[in-house]
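> Residue numbers (my numbering), protein chains in the order written: chain A, 244 to 340; chain B, -9 to 126.
Don't read these hints as lab results, they were simulated from the structure. Among these hints, one or two may not hold up.
[Stated by the list, open to error] With a cut-off of at most 20 Å between alpha-carbon atoms, the simulated EDC-like pairs for lysine to aspartate or glutamate come out as follows:
no. : chain 1 : residue 1 : chain 2 : residue 2
1   : B       : K25       : A       : E270
2   : A       : K307      : B       : D84
3   : B       : K25       : A       : E322
Okay, here's what each chain looks like letter by letter:
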Amino acid sequence: MTIQKKQDGGKLAIALEGRLDTTTAPELEAEVKELGGVTELVFDMASLEYISSAGLRVLLAAQKTMNKQGSMLIRGASEDIKDIFDVTGFSDILTIE
Amino acid sequence: MEADKTIKVPAELDKVYDVQDFVNSVLEAHDCGMKAQMQIEIAVEELFVNIAHYAYPNGKGDAEISVGVDDGVASITFRDSGIPYDPLAKEDPDVTKKAEDRSIGGLGIYMVKKSMDEMLYRYEDGHNILTIRKKL
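Chain B on its own, in the form it takes in the complex (with noise of 0.2 Å):
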């Protein structure tokens, strides 16, 4: 198994093409279906703007992606040392409601929860640390 390779960026929301170009780098070397790509583009995008939005209210702070590839399954993990924010507490919205009902909430998380195979958190050390993994 080779090392994970990382990044490192200001948790900005204009930093989240870098880090999908940077998720895709790595990706592009293993064998990576188109739907697994974009799935994995679209929950790299939710996360990292979860990330910019919330975990640095009074501030400014940092975002570090990790990227592996072991056994044909990656993962990916987020770590900021932000307000400590579990993503996998949150109630999933009802998503069978009409359009007058719906709520604009949580649905970004919903869908990286509905397209990965696993999603852990931690909070460690004073860090949030989120990981989400996915068969490539």
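For reference, chain A alone in the conformation it holds in the complex (with noise of 0.2 Å):
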């Protein structure tokens, strides 16, 4: 997976390619520990082709820790990969886009 970041002020966007599974999402989570002075955070999944449950583990944690302080916003998803969202329940807690 490649994770790539661009911070502008308050907002990080995060774009993800290729697989969130369970051996790359300990990148993410990483990545995603430390959100402070993050107010908005994005999640450019466009180029993301495959999530497992550990995957979404990393994105509920962003979403609780950005619940506190900001937003977080979910973007370009393909078909598939929204269905896993439907089918986990996941669409109610993100704002996918």
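If you follow the hints, you should be able to join the two separate chains into one complex; please do so.
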């Protein structure tokens, strides 16, 4: 998986490419552990091909953090990945564009 | 019907790609839709990772994965000789709770249950035997 971060003041954009799975989720977890000063977090998932429960857990943790300090948005997710968000009830937790 | 193909690997996290590649290689010969393939890949990850995490708390062990396709339905069976564990006995997570109240457990098995057509577990001769079936 490739993680690209772009920070502009309180706005942090994270673009994910490839697979967010058991092996790669810890990499993203490390990136979103420290979100000090971030008030707007945007995940660009246009190039994300795959997500398993390990990836969902990291998104849930990030959402919990952002609920306290700002907003979080998911952008560009494929239909298949949106289906996974639906099945797991994540569509109700996340803000998906 | 052709014979099932089988791979045996140490039940360790870093073997998950080997298992997924193996399953994909068998499915490739069949007409498998992209969506079904991804759902199967995810199911294989969730179930194998579960075995790697929990089957052998006191040491190392193997997992055996068999794949067969019959009449357009893929069957994938996981066998391990670890502690008895029936993932189907676990209560489903409440997927209607808000973020703050969500727990992180059980989500993987829940995804498998929801995306596969069938999921069967039995404990036999010292082995956990879990089979998932999915129409391709």
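> State for each hint whether it applies.
Evaluated hints:
no. : hint              : verdict
1   : K25(B) to E270(A) : violated, 26 Å
2   : K307(A) to D84(B) : holds, 17 Å
3   : K25(B) to E322(A) : holds, 10 Å
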